[in-house]
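Residue numbers (this note's numbering), protein chains in the order written: chain A, 1 to 460; chain B, 1001 to 1460; chain C, 2001 to 2460; chain D, 3001 to 3460.
The hints are simulated quantities; they were obtained by calculation from the structure and are not laboratory data.
Be a bit skeptical, because a hint or two may be false.
What the hints assert, rightly or not - Straight line, CA to CA, 30 angstroms or less: simulated DSS-like cross-link-like pairs of lysine-lysine:
1) B:K1240 with B:K1459
2) A:K16 with D:K3090
3) C:K2016 with D:K3090
Said to hold, decoys possible - Far from chain C, some chain B residues (derived; all Cβ distances over 12 angstroms):
4) S1054
5) D1089
6) E1100
7) E1121
8) V1128
9) H1140
10) R1354
11) M1373
In this text, a Cβ means the ideal position worked out from N, Cα and C, and glycines have one as well.
There are 4 protein chains.
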Amino acid sequence: MKSSWRENCGVFGIWKVPEAAHLNYLGLFALQHRGQEGAGIVSGTHESFWGRRSSGLVSQVFDREALNQLQGETAIGHVRYSTVGNQADKNLQPLWVQGEWGELAVAHNGTLTNAQELRLELESQGSVFQSSVDTEVILHLFARTKGSFRERIDATLSRVAGAFSLLILYRDSKELRLAAIKDPFGFRPLCVGRLQEGYAIGSESCAFDLVGASWEAELEAGEVYEFHSKGVDRWKLNSKAPRTAPCVFEWIYFSRPDSNSFGRSVYEFRKQTGALLAERDQRASLRADLVMGVPDSGIPAAIGYSQQSGLPFEMGLIRNHYIGRTFIEPHQSIRDFRVKIKQNPLPKSLEGKRIVVVDDSIVRGTTSRKINMLLREAGAREIHLRIAAPPTISPCYYGIDTPTENELIASKKSIEEIRDFIFADSLEYLSLEDLRQLTQGASVCHACFSKDYPSGIPKL
Amino acid sequence: MKSSWRENCGVFGIWKVPEAAHLNYLGLFALQHRGQEGAGIVSGTHESFWGRRSSGLVSQVFDREALNQLQGETAIGHVRYSTVGNQADKNLQPLWVQGEWGELAVAHNGTLTNAQELRLELESQGSVFQSSVDTEVILHLFARTKGSFRERIDATLSRVAGAFSLLILYRDSKELRLAAIKDPFGFRPLCVGRLQEGYAIGSESCAFDLVGASWEAELEAGEVYEFHSKGVDRWKLNSKAPRTAPCVFEWIYFSRPDSNSFGRSVYEFRKQTGALLAERDQRASLRADLVMGVPDSGIPAAIGYSQQSGLPFEMGLIRNHYIGRTFIEPHQSIRDFRVKIKQNPLPKSLEGKRIVVVDDSIVRGTTSRKINMLLREAGAREIHLRIAAPPTISPCYYGIDTPTENELIASKKSIEEIRDFIFADSLEYLSLEDLRQLTQGASVCHACFSKDYPSGIPKL
Amino acid sequence: MKSSWRENCGVFGIWKVPEAAHLNYLGLFALQHRGQEGAGIVSGTHESFWGRRSSGLVSQVFDREALNQLQGETAIGHVRYSTVGNQADKNLQPLWVQGEWGELAVAHNGTLTNAQELRLELESQGSVFQSSVDTEVILHLFARTKGSFRERIDATLSRVAGAFSLLILYRDSKELRLAAIKDPFGFRPLCVGRLQEGYAIGSESCAFDLVGASWEAELEAGEVYEFHSKGVDRWKLNSKAPRTAPCVFEWIYFSRPDSNSFGRSVYEFRKQTGALLAERDQRASLRADLVMGVPDSGIPAAIGYSQQSGLPFEMGLIRNHYIGRTFIEPHQSIRDFRVKIKQNPLPKSLEGKRIVVVDDSIVRGTTSRKINMLLREAGAREIHLRIAAPPTISPCYYGIDTPTENELIASKKSIEEIRDFIFADSLEYLSLEDLRQLTQGASVCHACFSKDYPSGIPKL
Amino acid sequence: MKSSWRENCGVFGIWKVPEAAHLNYLGLFALQHRGQEGAGIVSGTHESFWGRRSSGLVSQVFDREALNQLQGETAIGHVRYSTVGNQADKNLQPLWVQGEWGELAVAHNGTLTNAQELRLELESQGSVFQSSVDTEVILHLFARTKGSFRERIDATLSRVAGAFSLLILYRDSKELRLAAIKDPFGFRPLCVGRLQEGYAIGSESCAFDLVGASWEAELEAGEVYEFHSKGVDRWKLNSKAPRTAPCVFEWIYFSRPDSNSFGRSVYEFRKQTGALLAERDQRASLRADLVMGVPDSGIPAAIGYSQQSGLPFEMGLIRNHYIGRTFIEPHQSIRDFRVKIKQNPLPKSLEGKRIVVVDDSIVRGTTSRKINMLLREAGAREIHLRIAAPPTISPCYYGIDTPTENELIASKKSIEEIRDFIFADSLEYLSLEDLRQLTQGASVCHACFSKDYPSGIPKL
């Protein structure tokens, strides 16, 4: 249960399907886990765009009347968790500009590492910025390019560094175009599916299942799908990267287990992390009575652990399904209220037991500490915490909202010190070597575990 | 995943704890699964009552301001799913009346089987009914009694038949009293816990965990806890029942797995149902590749099945956590939309597999049919559906909102016909004998499986 | 501008017109000035009633969906300002009860002076009260009667004393009936109009204008219009009053100027009060430069004053039209904020002027004091306040929410002392003799000016 | 009662007063009549800006929590009725941009006549526009200037033509500045007042009354008040206009009667228009029984007419004060519903009378026609409509949302034809000559009556 490791965004788009905005809304709903702060959809024809963006969950932002106003058979949408920019409504996406030339809307998942330099440069040339999101530089750069849509996209994106899975909706007086673009490193997932006579594009395949689209392909790093009136063109961005770098944390934590991200089943990947952890414990002859996962992200790894080790899988903690975003605490303090409002231990099953608890990561350590205390109060005799990832020692600059390095407990404390702080009897992480084994030698981004940043880190 | 088997209500009360209404709100929040239609709290001192009831989820009905207006250190609350009475606001509980003599508020979980006769009788004596809920007869009967609070409760409840776990808050000009009462059959759960210098009372123990109360006791059938200014009196209702009849469906479906209901861990009970199903399949040499549960209520039984059979437990279906009560469907039909908006299969894990699917019951069969179709589309080769309860052949008259007998698929079709209808390769239920074994000979209510109604059925 | 003299209620009903609830909503909207705290409509056929009641303005309580759920061609509605009972939702009207015999809904404008005695008596017979409004005794009394609808109404209303303009909607399994009833004194207005093939009934004729009904008659004191499937019966209540007593304050303040209440144009009545005040000032040779009214109720009297005296009528104060019910004050105090948020003086027109200000009454004196200060700051040289009614020295017990006698400034202070308190240069009221002249000898209720209570005052 | 002649905007600002956002909210509330579509406030210190903009009335857009988040002692705000740009939220003001250099927020009342040309030019230089409001060009122009704040404002505003009363809030890392600016023609009102140790600036003086500010000055045409940490500088824009051109329609219709706009009492101006109309009727020996105004804007002119002519002033129409923005019409049509929901005639006072009705203008003629029909139904024998302005024959390009010339009835029909269309017995307008007499030879803008556009009309 992550308390401060948050995906920045999810994007979803529809090309040439009736009720595009409505389907886009469903797609965003399926991607709600990627951002709960705000949502937006811009729909369009070659004659006009329509849009709505607001703070709140997808189901709060849109009602039937709002969706009906978003006309056309094409739309792009966005769910947001802020990585860059504060929470003001002006930072909601899709960003949307208009001019004599037409209209442009952009939905972005990722983070640009040179946005600040570009912003200063553009400001010195007279551009004004109406939001504090990095994505806005893309609009300004695009506006200063010439040529065909493809040339302008290439010219624009050759300037930006970092992570970007983008949906760009563009119209001039003659035509409507939609481009789905993944940066040359391929940091963030982006998939294409077929839907009726048109297409769906989205951060994760689970969104296709809900709208009834059939999965077609994960975009390659640097690839562009350009949808236009005559069909679809696939091409590669001019700018190249030295290697691919899909975010390994999508598999570990962000993507929904029912998604297929970067070509792998997220659920299966997580089960394999659990199996690796179990193998090591078997080698170490760990004696335990049961294995449980911290809901929800730790569950698949716990299942994998159970299948590998033969240790019985148990639920251990029950998640409360009715939590809204705001919850009224009494004035009197209730111990561990914020953890308890989300989940509750199963006392009978834990009493007197030596339990293996599987979680996906430890950020500051405070939540793990509270969960372990709850489990001990519920009767757990021993707690062996297993983390289905290596220690997170460094922030992400490619699209995830992480604490600063200083706040990451693993950047300052040894594993033994962490174990002591969180009241665990033992603590094990996956190693970077395990991760390499799991990713089968693929070139991935694991900078948060290794400080090996494929695209550098922001200077400003 | 039940589509039409709904608990009617949950009750929660606080006796003599500061911020009683606020703690009551948390207690109701933990009982939200027992009723999502409306919620209410009445708080009180010996001088006044304060109340709020409204349609909606607990978190929608109450905000900080509303809670602050509910004064005093004592409160009773209710979450509602209608069994009797339509959905009008006038049917929300706690019911609350006032007179020269003081005030009375009642929160009820259960159904009275002779409410209609009593209503006619009371109307013939001049009583007017302002709601259509059965609970209202209790107020009218109470108003016509004389004597001490205990005598009046005994006189009142000797008239009513059926299921009632009640919280009654009463004040006259001198004193405030709270009674927690379970009917002589003990149909519905009701527990007492200690909280600070006072008490918490609630339908399920999971609510105690959230407010920090320590579990003390499940009320016995026919027992009353009467809280007053000088302490607590425990006594038994005058009216007696020939046997106890705790609802076995609380264990099977209604109670949260982290609750201890009728003296048993709900989670452990469910695991045992799964184990029994597995034993039978082992005897029959069923060959399968994995076992999964239908979220959420089928999961513990699936875990029990896995542990007994050695078959790997897998997630199979991923539940969507962001569903609100209203969801906007597009005009174009999306196949199985209402099932898909709630859960999505894990394709990779199911592909080509022979899967055992564990669910808690089949009501009309339509939902099971759709889930099985989703699983087959995701690649399942064989589906062996196992129901962790006997076939439901008859409605509940003791507090659960069930379809009529005619709508229950098992009342009309053979198991083989049901199997055929829901597209399963095989279908097995628990037998009544299995249930007896699980309940260890205790006298329980299993009328929905057996038509053996301990307290008769309504005449009118 | 009254700060604490509030009409309790308005009632409106529709008999046999399609979209009855919708038309009822419009009628209540036109009567919104009679009660802004809450509103409700119960519609019905001989088979069922439908209802909605909630706190808030009419336009907030009902939306299209809510109106669509209120079926049938007959409805009764209510806007409420509490005279009796606190502001809880349970006190909203129409009250609505149901039984084996059918359903009954009641909307009441007025106050029953013996409600408390009746309540005690009914409670001693076993009745329970779910609200704290006096109207509820009518339901309980009715439930204990036998015979025809007319006999039951007569039997019920022979028991109650005080003011009641009632709409009673009743159905048994065979028939739907609607009774419009005015108490034998005829305290509160109630009119009947024709609308399409059916009828509209309402507290004031202005509501007929909006729905397009044509005025037919003001009910006589003690009269009943009984609408049923075969037509309309008009009859008189058995209980008689020694005299009629229409509330003179309806003409002075409550009714809308565009209404015709108790057979007189409210606007014309108010103009005549102003003319009488002017005549007296003419006899006293008052020298002034202009006359203005305190918006909105003082305006017609000021126009009458102007026409009689020849003194120019000016606006003087501009009313702010965008005030909602809640307004956020800054932490820093703004002097006279609550008066200023409602109206603002016209400085140029007042500067150096001797002004006659006409208002309808002085309650506590604090608002008049603040308005006079605002006018003086805006430059008024002299302020001659004229009150278009006699001094209010005693509370109303017949349907108006007034301060206690002790709070009424005219009950404790002489006119000279009031003049001094409110910073006026002179102060004149209408005399009781003036009022008699205006009402042309008709038998009216002027108890708030004279303590002559036609129906006594409550004992309890 | 105008149905389609709408002020575009109102602006209000606070400089260096505690709770600036809260006071700004009150100021905007007093200016609500200038724009009911949306509202916004941006507050600031030299370190940060905070903002909130949303659709709806001022009282809907802001609650206490929202105001508390707008920190600092300085703020600018805006109420909007769209003249340029559609109703999307992205068009709400204050516009607000930020950069490495600091932040800039702009609130604008008026319309720029060369915005489209400037937009094309800026776009050709790489600027991107995120709204469709003309005001946005000011931000882009400003961003491309260099020098001191004053130099940048001068450079920016020397490029724009048309009407602009502006509030510009600017901060760099060192200082916060607020400029209040009126265009060289002085089309729209803008006033400065003193408030505590600081200042209030607003479109109309009525807003000062509410917040307790004392009126200091109307800005001169082309004048700038620049507030900064060391005090206030007053200076004139470099760009000059050939003459001043205050909008005469502010006096006739837009400004609140309790405001002092362009140095004149709005209420007194309106009375004078009525007096002129009366003089003409006296010369023509018109015989009538009473004079009334169409609420609210026709009332002061009717009072002036009454005082000049000696004809009694009567209310005639009663305005409904509880109208919200949306109103649910029944499916059955109610004749003249939209007029009746707003106002209702006073039948008794009109019956058999020859009435002079004073209104401020006729736009399409349809509303006048309906009002006249209502008055006739209420019994009026003759209707002599007097318009307190010349015929409106041409659209406004300087800040008012008017129909196109083609929709203006006076651009196509003769006065006699209009009279016939609206069912009046006679119809008279003010003449341009009357207007000149009223404005005492001042150089004003009366282009909507004369097509004499002081600053030209937009080319694009």
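Now the hints, each set against the structure:
no., hint, verdict
1, B:K1240 with B:K1459, "holds, 21 angstroms"
2, A:K16 with D:K3090, "holds, 26 angstroms"
3, C:K2016 with D:K3090, "violated, 48 angstroms"
4, S1054, "violated, 8 angstroms"
5, D1089, "violated, 8 angstroms"
6, E1100, "violated, 5 angstroms"
7, E1121, "violated, 10 angstroms"
8, V1128, "violated, 4 angstroms"
9, H1140, "violated, 6 angstroms"
10, R1354, "holds, 48 angstroms"
11, M1373, "holds, 34 angstroms"
When the structure is compared with the earlier hints, violations turn up for hints 3, 4, 5, 6, 7, 8 and 9 and for no others.
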